[in-house]
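First to last, the sequence lines map onto chains D and S. Residue numbering for the first sequence follows our numbering, starting at 527 and increasing by one per position. Residue numbering for the second sequence follows our numbering, starting at 28 and increasing by one per position.
In short, the hints are calculated from the structure, not lab data. We put the CB at the ideal spot given by N, CA and C, even for glycine. Accuracy of the hints is not assured; some may be wrong.
Partial list, derived from the structure: chain D residues whose beta carbon lies under 10 angstroms from chain S [said to hold, decoys possible]:
#1 T559
#2 T762
#3 N887
Mimicking EDC-like on lysine to aspartate or glutamate, the simulated pairs with C-alpha atoms at most 16 angstroms apart in a straight line are [unchecked claim]:
#4 D:K872 to D:E909
#5 D:K562 to S:E82
#6 D:K562 to S:D109
#7 D:K974 to D:D946
#8 D:K867 to D:E909
#9 D:K994 to D:E859
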Amino acid sequence: MSPFATILQDPEFISVLYIISFSLFIYGLLGLTGPKTAVRGNRIAAVGMAIAVTATLLIPGMGNWGLILLGAVLGTAVGIPAARRVQMTAIPQMVALFNGVGGGAVALIAWVEFRTSDGFSDVPTYVAIFSLFAAIVGSVSFWGSNIAFAKLQEILPGRPISLGRPQQLVNLALLVIAVGCATAIVMGGDSELLMIGLLLAAAVLGNFVVLPIGGADMPVVISLLNALTGLSAAATGIALNNTALIVAGMIVGASGSILTNLMAQAMNRSIPSIVAGGFGGVITTGGSGDDIDRTVRSTSAADAAVQMAYATQVVIVPGYGMAVAQAQHAVRELTKLLETKGVDVKFAIHPVAGRMPGHMNVLLAEADVPYEQLKEMDDINGEFNRTDVSLIIGANDVTNPDARNKADSPIYGMPILNVDESRSVIVLKRSMNSGFAGIDNPLFYGEKTSMLFGDAKASVGEITEELKAL
Amino acid sequence: MLVTNLAILVLAGFAGYLTISKVPNTLHTPLMSGTNAIHGIVVLGGIIVLGLGVEGVLNKALLVIAVMFGTINVVGGFLVTDRMLEMFKSKPKEEIEAKPKEEIEA
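Chain D extracted, bound-state conformation (with noise of 0.2 angstroms):
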């Protein structure tokens, strides 16, 4: 062996690399949290993925090459055209996809080592217990990914699914059972079945999780499977003594937590109460509305556009109804003329707008609307009573009054947009359908507030061909 390849293939400068990876790791997450550095924080931690792959590559009596290679170039060419292709709509299904494939390569990983070490026999026993904990962890994460895949894909539905009281029983039940193989295979049981048994009830549990969820609580779940899927790597790095492993999985599980938290904030909603399922459902929806009066007020294109031609100030509040009808790009254009008249627009960014936090800044960044425009909840709240016009498109519960008034509403304490302040709401809607949490809204009723149904894009495009030939 030369020289060369032997410093190469020293186990410390094979450590070397893990920790400048990891270090890149860190380093590109910092640079993420700002929306200057944030390119770049993202391609100098695929660096230090290339280089902890590289350091990998060349530990001693690596083999399997053809193998290693085939696993490569499938996974690159499923990975490349997914990622390409996405729209961005649809960009919080695709992390779950990518987040579920994670838990999976974990779950199997596991398995595997179950397998080839004779049920844990001839390994340590904290080895078995990181590996058997990855294991559940993972595939509990590769089930539920695909199931809030599949619900936001709207290939399943998106109100909750479940079996009503015993749910919470038969969860308990199913982790119970996989903890239990886990222990029996700790204990020294090496049959498989204990080992598929795990497997099986942690996929289970993984679909009955998150089943029950509404979509509206969904982001919050994909960041909690998110940060599950990292603790399952670190994990897996202790039982295969990988610092690389350990020190990245450990901080996608800090991170992931510490944004569950927040996400879970904005909503006012505890992440236990999302895990034990459902809004809407079970819930009263309050006073269904036959005892009040409930007039709808619908206006037309024009009546809209004048209204906003000689506004002072006009707040755009999106949802993810704008994302569904690709308005993005109607609606910068509507800014840009509203602008020439004179009119101060901005717009106003729950911080769950959408289906993630940020995915509305997302949409709209892409249709080139400047970073400054957009103002987050705390800072226009204020700013609503010198409003002239709100303009909602497609968004709904984050501007429900019932979340400040209304004590028996299921979203009772969701901070939200006060729009019923402005001294009119313009709602671009597709029709009365409730909306993704399936909560009735008042403000459609209110007195200041008028209706434009339609798609949100036509719609938009309509207001901005009247605005045109005032």
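For chain D, the structure is supplied; the task is to place chain S on it using the hints.
Same frame as chain D, but now just chain S:
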């Protein structure tokens, strides 16, 4: 070895916590996507177990799938994050903002 690794685990947890705790809301989606790509590091686990030698068709097949899954996670994750972040680039912003103002003054 276990204790050293546990120490690394705990420190990495704090590092992750401190790195992320000051991210603006607007970057949460790219951040989730970026961290998602990083846990694709599990591909290393697949490579190690497969590369250091396993016997049996089933074992090999499972590991090839694991490496494939890990690669999808890494490649797809970084690419999609990059696409998202490209849109935040501030370059065209100034031109766009400057234009309407001029028109108003005119």
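Discussion item. Take the shortest C-beta to C-beta distance between T762 (chain D) and chain S; is it under 10 angstroms?
Written reply: holds (5 angstroms)
Worksheet entry | Hint check, T559 (chain D) versus chain S [nearest Cβ-Cβ separation less than 10 angstroms] | holds (4 angstroms)
Worksheet entry | Satisfaction of hint between E909 (chain D) and K867 (chain D), Cα-Cα up to 16 angstroms | violated (20 angstroms)
Worksheet item: For the pair supplied as a hint, K974 (chain D) and D946 (chain D), is the alpha-carbon distance within the 16 angstroms limit?
Response: holds (8 angstroms)
Fill in: When the least beta-carbon distance from N887 (chain D) to chain S is tested against 10 angstroms, hint result
holds (4 angstroms)
Worksheet item: Given the hint that K994 (chain D) pairs with E859 (chain D), does the C-alpha gap stay at or below 16 angstroms?
Response: OK: K994 (chain D) and E859 (chain D) at ~11 angstroms, within 16 angstroms.
Worksheet entry | Agreement of K562 (chain D) and E82 (chain S) with the hint, judged by alpha carbon distance not exceeding 16 angstroms | At roughly 49 angstroms apart (the allowed maximum being 16 angstroms), E82 (chain S) and K562 (chain D) break the hint.
Worksheet item: Is the hinted pair K872 (chain D) and E909 (chain D) satisfied, with a Cα-Cα distance of at most 16 angstroms?
Response: holds (10 angstroms)
Discussion item. Can you confirm whether the C-alpha distance between K562 (chain D) and D109 (chain S) stays at or below 16 angstroms?
Written reply: holds (13 angstroms)
Hint violations for this structure: numbers 5 and 8, all remaining hints satisfied.
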